[in-house]
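J.: For the record, the sequence lines run as chains A and B. Under my numbering, think of the first position of the first sequence as 1, with each following residue one higher. Under my numbering, think of the first position of the second sequence as 1, with each following residue one higher.
These aren't lab readings, by the way, just hints derived from the structure by calculation. There may be inaccurate statements among the hints.
Said to hold, decoys possible - DEER-style ranges, computed between Cβ atoms:
(1) Glu-15(A) <-> Thr-5(B): 17 to 25 Å
(2) Ser-12(A) <-> Lys-9(B): 27 to 35 Å
(3) Asn-24(A) <-> Ser-65(B): 32 to 40 Å
(4) Tyr-22(A) <-> Arg-97(B): 23 to 31 Å
(5) Leu-114(B) <-> Ser-26(A): 36 to 44 Å
Beta carbons: idealized from backbone N, C-alpha and C, even for Gly.
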Amino acid sequence: TQLLEQSPQFLSIQEGENLTVYCNSSSVFSSLQWYRQEPGEGPVLLVTVVTGGEVKKLKRLTFQFGDARKDSSLHITAAQTGDTGLYLCAGGPGSARQLTFGSGTQLTVLP
Amino acid sequence: DTEVTQTPKHLVMGMTNKKSLKCEQHMGHRAMYWYKQKAKKPPELMFVYSYEKLSINESVPSRFSPECPNSSLLNLHLHALQPEDSALYLCASSQLRIHTDTQYFGPGTRLTVL
Numbered sequence: 001t002q003l004l005e006q007s008p009q010f011l012s013i014q015e016g017e018n019l020t021v022y023c024n025s026s027s028v029f030s031s032l033q034w035y036r037q038e039p040g041e042g043p044v045l046l047v048t049v050v051t052g053g054e055v056k057k058l059k060r061l062t063f064q065f066g067d068a069r070k071d072s073s074l075h076i077t078a079a080q081t082g083d084t085g086l087y088l089c090a091g092g093p094g095s096a097r098q099l100t101f102g103s104g105t106q107l108t109v110l111p
Numbered sequence: 001d002t003e004v005t006q007t008p009k010h011l012v013m014g015m016t017n018k019k020s021l022k023c024e025q026h027m028g029h030r031a032m033y034w035y036k037q038k039a040k041k042p043p044e045l046m047f048v049y050s051y052e053k054l055s056i057n058e059s060v061p062s063r064f065s066p067e068c069p070n071s072s073l074l075n076l077h078l079h080a081l082q083p084e085d086s087a088l089y090l091c092a093s094s095q096l097r098i099h100t101d102t103q104y105f106g107p108g109t110r111l112t113v114l
């Protein structure tokens, strides 16, 4: 069984601060997705990383896939209140095309 | 276009009611999924359809009955639900690529069982 440990579980910061969310596993994943979800809405795909060591940037968000494809991180620079939400990492595909989800990071950015 | 649509947005039903959730995608994806999500928790997989055939049933109670009428549509029929079934129900789809099979989620149906 593949497991993804995501940390921290909760994060509350002031607008303008930087933060990093981590996703770690003892298993190798073919790809890893990061999603952001707002209350009552579905997860919205932010990025898919597939190559070990890959770094992708999406405006103020930087995503990194570990060299061994067992871990990933999401770094947000100068957080804004609009970044508030539940951040989910998901590794896949596992057996039978199932995604393995991390436990999620609830981010609150205060004005 | 990476849109997955779901209807209804909200649903309130009694324990004796029968209702259905609907999901649609027009991206040509060959896999469709149903997930159940409780507040501030990750989604939990319920069912997977691959090429319109049920390929995974994660030991879901029979009061949930999935249906895939065609490659673009996915339904979830609900009957005799319990209050603990109240949750956000998410539909997703993917291309079924071997190594980079990204799932795209719909906005969800917020279900409340009274």
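J.: All hints, please: hold or fail.
T.: We went through each hint and held it up to the structure:
Between Glu-15(A) and Thr-5(B), the C-beta spacing of about 33 Å breaks the proposed range 17 to 25 Å. Here the CB-CB span from Ser-12(A) to Lys-9(B) is close to 29 Å, well matched to the stated 27 to 35 Å. The hinted range of 32 to 40 Å is satisfied by Asn-24(A) and Ser-65(B), whose Cβ atoms lie roughly 37 Å apart. One distance hint, 23 to 31 Å for the beta-carbon pair Tyr-22(A) and Arg-97(B), holds here, with the actual separation near 26 Å.
Take Leu-114(B) and Ser-26(A): their Cβ atoms lie about 43 Å apart, and the range 36 to 44 Å holds.
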